[in-house]
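Student: Sequence:
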Amino acid sequence: MLIQRIFASVLLLACVGLALMAWPYQAAFSYEPVGPRAFPLLMLGLMGLALLYMVFRPAPIVHSDDDPKLDRETLIKIGICVLLLLVFAGAFEPLGFIVASILIGVPMARLYGGRWLPSAVIISLMAIGLYLLFDKLMDVPLPLGVLDVLEN
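Quick note on numbering: the sequence shown equals residues 0 to 151 in numbering that gives the first Met the number 0.
Fair warning: there could be bad hints in the mix.
Derived Cβ-Cβ restraints for the label pairs, each shown as a range [to be verified]:
#, residue 1, residue 2, range
1, Leu-102, Val-139, 19 to 25 Å
2, Asp-64, Gln-25, 49 to 55 Å
3, Met-46, Val-139, 20 to 26 Å
4, Gly-44, Leu-84, 19 to 25 Å
Hints are computed from structural coordinates only; laboratory data are not their basis. Glycine included, every Cβ here is placed at the ideal spot set by N, Cα and C.
Make the full structure from the sequences, and use the hints.
Tutor: As structure tokens, then:
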């Protein structure tokens, strides 16, 4: 559909504009090996590739009757998901990455049908694993927050 291609084109232009804004960014001090502009540029690049596909794909996306409806229940789930992400953003520094991820990840898993015990175990292991991956392996410091006493 033409509207899908127009939407993808406008969003692609926004990505290009944001990438131009992010390109010259330099931090006053280096706190990670790749610098602060790598993540936004990577995300904008991936979004740009997907949007290019949407603009030039051979056939428009056609929705079938099997697709989930955008009903009240789905909109409530989306709203709760956005709210949880905002709480995560606020809790990230004071509570630390691991605790904030567990406190937000378990309700997020429950929101989409996960059971309590498997959700808590998997989210906890993922939070610890991601912390170790970023902090130790990739040398990108993440806050420990309330678990700061465990460091060294």
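Student: Confirm or reject each hint.
Tutor: Hint by hint, here is what the structure shows:
Separated by about 21 Å at the C-beta atoms, Leu-102 and Val-139 satisfy the suggested range of 19 to 25 Å. Separated by about 52 Å at the C-beta atoms, Asp-64 and Gln-25 satisfy the suggested range of 49 to 55 Å. Checked against the given bound of 20 to 26 Å, the beta carbons of Met-46 and Val-139, roughly 21 Å apart, stay inside it. A C-beta distance of roughly 22 Å is found between Gly-44 and Leu-84, which places it inside the suggested range of 19 to 25 Å.
Consistency note: the structure conflicts with none of the earlier hints.
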